[in-house]
Amino acid sequence: MNGPAASIDSRGRRSFLHSLATARYARAKGLLGAWTVTGIALLLAFFPLLYLARYLWSAPPDIVDWIDTWANGTLARQAAETAWVCIVAAVVTIAASVPQAVAVSMYRFRGALLLEGAALAPMLLAPYAAAGAWSELDLGAWSHGPLAMAVQIGFSCAPWAYLALRVAISRLPPMLGEAAAASGMTRVQRIIRVWMPLLAAPLFGAAMFAVARAFGDYGTAARNGAHTFGVSFHDIWNGTQSTHVAAVVALIAAVPAAAVVWFASARATHNVTRRQGGLAGVASWKKVAPPGLMLPAVAGWAIICLALSFAVPEWQYLRWAIDGRWMGWSKAIDVSLDALSTSGAVAVGLAGMGVACALLLRPGARSGLAERSIWLVSINLFIPPMALALAWLAATADGSWLAGALGEARDGTFPLLLAQAIKLAPFAMLPVLDRVARENELLRDALRTAGLPRGAAAAHVLRMTAPAIALGAAMVFMEAVKELEIAITLQPFGYRSPALKIHDLARFHAEYAIAGWLFISQALMLPALLGVVAWLAHLDKSGRLA
Amino acid sequence: MRRVKFILAAGVVAALGNVALADPPKARSPYDGVEIKVLTDRTSDGLMQPLFEMLEQDTGIEVDPVFLDEGLVARLESRPTEADVVITKDAELIELAKRKGLLAKLDSPIIEKTIPAEFRDKDGEYFVDAYRARGIIVSQDRVKPGAVKTYEDLAKPEWKGKVCTRSGKHDYNIAIFDQMMKAWGDDKAKQVIAGIGRNLARAPEGDDREQAKAIMEGVCDVGLLNSYYYPKMFEHRSQIKWGEATRYVFPNQDTDGVFIMRSAVALTKATANRGAARMFAEYMASGQTQRMIVQRTKQYSVLPDVPPHESMVSMGAQQGIKDGRPKINFVSLEGMADKRDEAVKFVEEIKYDNGPG
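Sequences listed follow chains A and B, in order.
First residue of the first sequence? That's 1 in the working numbering, and the numbers climb one at a time after it.
First residue of the second sequence? That's 1001 in the working numbering, and the numbers climb one at a time after it.
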C-alpha cells in the first residue's frame, strides 16, 4: 500500500504504539511507586522479625532443649487460653461496635452524636488501666481472669471497629439494596446476602486487630492473671534471661500472625465496593428515621457497652483520684510533655507514611499485590511488644551498624519512636489504603489529561485523602500515648510517660496514685478524640465519603 | 530626695560588695555537678527518687535514671556502657550480668570495709544493698498458729488445693526454687516444688500481694510473700483487709532458716564517670542510706548495726524472733545462678503454671 492511505495508516499505527507505550510506562511507573512505598513499609515492619530470626543461626545448643521443655510444658494450655481469649475479644469488638455504627450511619435521630461519643469513648482507656479498675471491683471471674481480659481487650478495640464500619456503611451503594428489594428479598435476606458481604472487610479487619491485641498483650493479661501467649513470652524470656530463647518464641507467633493478616487482606481486597470506586463515590447513603423499637434497643445496648467499657472503670478511677494525692503540676507537666512529644512525633511520622501511601498506591481496581501486601504491616500487632522492643534493643546494640548509623540519636528517644511507629503503622496506613482503594482509578489520568501540573494533581489527591490521613494520625497518637510495653524496655534515660507511671504504681496496687496519671493521659488524648468525632460529624453533614 | 537617692545607692553598693566578697559555693564532693546514669528495675516512687534527691543534696552528684522493670540484663547486654550504675531488685540478675562480663570492679575500700563479706561478690563486682525474707502467709482464720512452719509444709497433702503463688517463672519464685535446689539438693527441692505445684488452688497469677487477697477471698489458705509486702498492705486502704485476713510466717526458723531475696548495686564498664559512680555505690552502703532503705522499703539492711524496720521486729516477735532478724538459710548468688536454668526447666516440666489438674 502506497500513497496517502499508507501514510495515514502508518501514522495511526505509530500513534497507537505510542499510546500503548505511554500506557505501559504509566503502569510501570505506578507499579514502581506502589512497590516502593510497600517495600519500605514491609522492610520496616519485618525488620524486627528478621533481626530476631538472626538468632536462629547463632542459637546455643541448649535452645532446642528450652523449646522442647516449653512445648511439653505449659504451651498447650497457653495456646488454648490464648485462642479462647482471642475469639471472645473479637466477638466483643464486633458486638460493641456494629449496632452503634449501623444506627448512626443509616438513621437520622436526635442523640446520634451522643451515641457516637459513647462508642468512641473507650479509646481513652487503655485495657491495662481498665483491668486495674475491674480487678478492684471484685466480681469474681467477671472482673478478673481470661474472660475479663478478653472483654477488656474487645472493648478497647471496639472504637476502631466502629470507625471502620462508619466509613464502610457510609459508602454502601444504596442502589444494590434497592435492586435486591425490587427482586423480592426480605430485609433479613438483604442484610445477609447484600450488606454483610459488603461489610466483610471492616469486620474482618476489626476482628483481626482484636485477635492481634489479645494475642500479644502482656499488661492486661498479667493484671487479669490470664495465661496467654504474651504472658508466656514474658515468663520464658524472664526465666531464661536469654535473647535467643525469646527470639525463637516470638518468631513462633509470626507464623499464625502472617496467615491471619493475609486472610484478612484477602477479604478486604475482595470487597465488592472496592471494585465500584466511582459508583460508590456518586451514591451516598440517605439517612432515614429509625424503625420501631430499634433506637431504644441500640441505645440500651450502647449504655451497657459504655458502662462496661468506660463508665464503670472511669468512675472507679474518679473515686480514687478524689481520695488520692495530686502529684503536683510540675511533675504532671514534665511527664505530659515527654509523652506529648513522643506520641506526637510518632503520629507525624506515620502521617508522612500515609501521605506516601496516598500518592503512590494505585487507586481502585488498579491496585494489586503491592497494595494488598501493605496489610502485612499489621503482623507486628501480633508479636508481643516486648519482643519487638528486644529486637530493636539488639539491633541498636553497641557496635551494630544501626547504632553506628544512628550515632547519638541511638541514645535518645529515636529507637522508641521507631519501634512504636512500626508497631502502630497499620492504624495510619490502612485507612489511607482503604480510601485510595475507593478512588476512581481514572481520576488521576483525567487530572493529567486536563493538563493539571503534577504538584496540583498531587495536592488534589492529598485533599481527598487528608481525612483518612488525619484519622490515622489521631488513632496513632492515642495508641502511642497508651503504649506501655515497648516503652518499658526502650525508654531513654530521663524519659517518663503517664503509661509508665501507671505501670510503676500498679506494682504497688497504688490505684489512688494511678488515677491522676490516667486522667492526665486522657487529657492528652481528648483533643485527638474530639477531632475524630468532629470529622465524623462533618462527613455526615457534607454527605461526602471518608 | 537627694538623701533618698544616696541611701538607695549606698544600699546597692553594699549589696554588690556582699556578693563580690561572699565565699564561692563550696563543692559538696569532688564530683559536685557530675551527672551519672543509673539503670534500675526498681520503681521510681518509694525509694529511688528520694534517694537520688538525697544524694544530690549531699554530694552534688545528679542522677539521670531509667526505670525498666523488665529486660534489665538484655538492656545491659545491648548497651554495656550506657549507664554508670546498675541497681536491681533481684540480685541474681546482677550475678548473671557479671557472668556475661558486663560489670566492672567496684574497687572501693569503703564498701569492702562496711559491707559484710556474704553480701559482697567474691570478685568485687557488686554488693547486696538490702534483703527481704521470702516467707509464707497463712489465713488468719483458717490456719491454726504453728500449722505451717516450713516451706516443706506447703508440699504436704493436707494443703492440697489450698496454696496460692505467683508464676513459677517469676524472678521471686525462681530465686526461692533455685535456693532450695542449692541448699537442699535437687531431690528434696524438686519434691517440695512439685508438692507445692500439686497443692495449688488455682493457676499461679498476680503478684505477691494478690496471693494475700486470694486468701482473704477464700480461694486458698496459704501463699508465698516477701516480708516487706506484709506491712505495706496496711498502708493502702484497699489492701488493709488483705493484710488483716492473713498472718506472716518466717519459715524454717527451727531448722535451716528462711530464704531471702536480695537487691544489689554494681558499676558498669562505663569509665567516664567512674569516680562519681563509685561514690554513689559507697553512698548506697552508708549508714544514712541504709537507714533510709529500711525506713522506706522495710527491707533488712546488710549493715549489722542498722536495725530492722519496726514492722519486721513486730512480725518476728510473733514467732519469738528477738531482734527482728530471722534465721537465714544463706545461699550465695553464685550458687543460685548455677541452679537457675535447672529450676526454670523443672517448673516448666511439672507444668507448675498450669495450676491444679
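In short, the hints are calculated from the structure, not lab data.
By construction, the Cβ of each residue, glycine as well, lies at the ideal position given by its N, Cα and C atoms.
Honestly, I wouldn't trust all of these hints.
Said to hold, decoys possible - Partial pick of chain A residues on the chain B-facing surface, computed with a CB cut under 7 Å: (1) Leu50; (2) Tyr51; (3) Arg54; (4) Asp68; (5) Thr69; (6) Ala71; (7) Thr74; (8) Leu176; (9) Gly225; (10) Gly239; (11) Thr243; (12) Gly344; (13) His509.
Quick rundown of the hints versus the structure:
A cut of 7 Å between beta carbons decides the hint on A:Leu50: the least distance to chain B is about 17 Å, and the hint is violated. Residue-level restraint check for A:Tyr51 is violated (minimum Cβ-Cβ distance to chain B is 12 Å; threshold 7 Å). The criterion of a C-beta within 7 Å of any C-beta in chain B is not met by A:Arg54, whose closest approach is roughly 14 Å, and the hint is violated. Because the beta carbon of A:Asp68 sits about 10 Å from the nearest beta carbon in chain B, more than 7 Å, this interface hint is broken.
For the restraint placing A:Thr69 at the interface with chain B, the shortest Cβ-Cβ distance is roughly 5 Å, inside the 7 Å limit, so the hint holds. Checking A:Ala71 against chain B: minimum C-beta separation of about 10 Å lies over 7 Å; hint violated. Satisfaction of the interface hint for A:Thr74 is found here, the shortest Cβ-Cβ separation to chain B being roughly 5 Å, below the 7 Å cut-off. Given the 7 Å rule on beta carbons, the hint for A:Leu176 is violated: about 50 Å separates it from the nearest Cβ of chain B.
With a least beta-carbon distance of about 3 Å to chain B, the hint placing A:Gly225 at the interface is held under the 7 Å criterion. Contact between A:Gly239 and chain B, as hinted, is supported at the beta carbon level, the nearest pair being about 4 Å apart and thus within 7 Å. Nearest Cβ of chain B to the Cβ of A:Thr243: about 6 Å, under the 7 Å cut. The hint holds. Violation of the interface hint for A:Gly344 is found here, the shortest Cβ-Cβ separation to chain B being roughly 21 Å, above the 7 Å cut-off.
Below 7 Å, beta-carbon pairs count as interface contacts, and A:His509 has one with chain B at about 6 Å; its hint therefore holds.
Hints 1, 2, 3, 4, 6, 8 and 12 from the list above are not met by this structure, while the remaining hints are.
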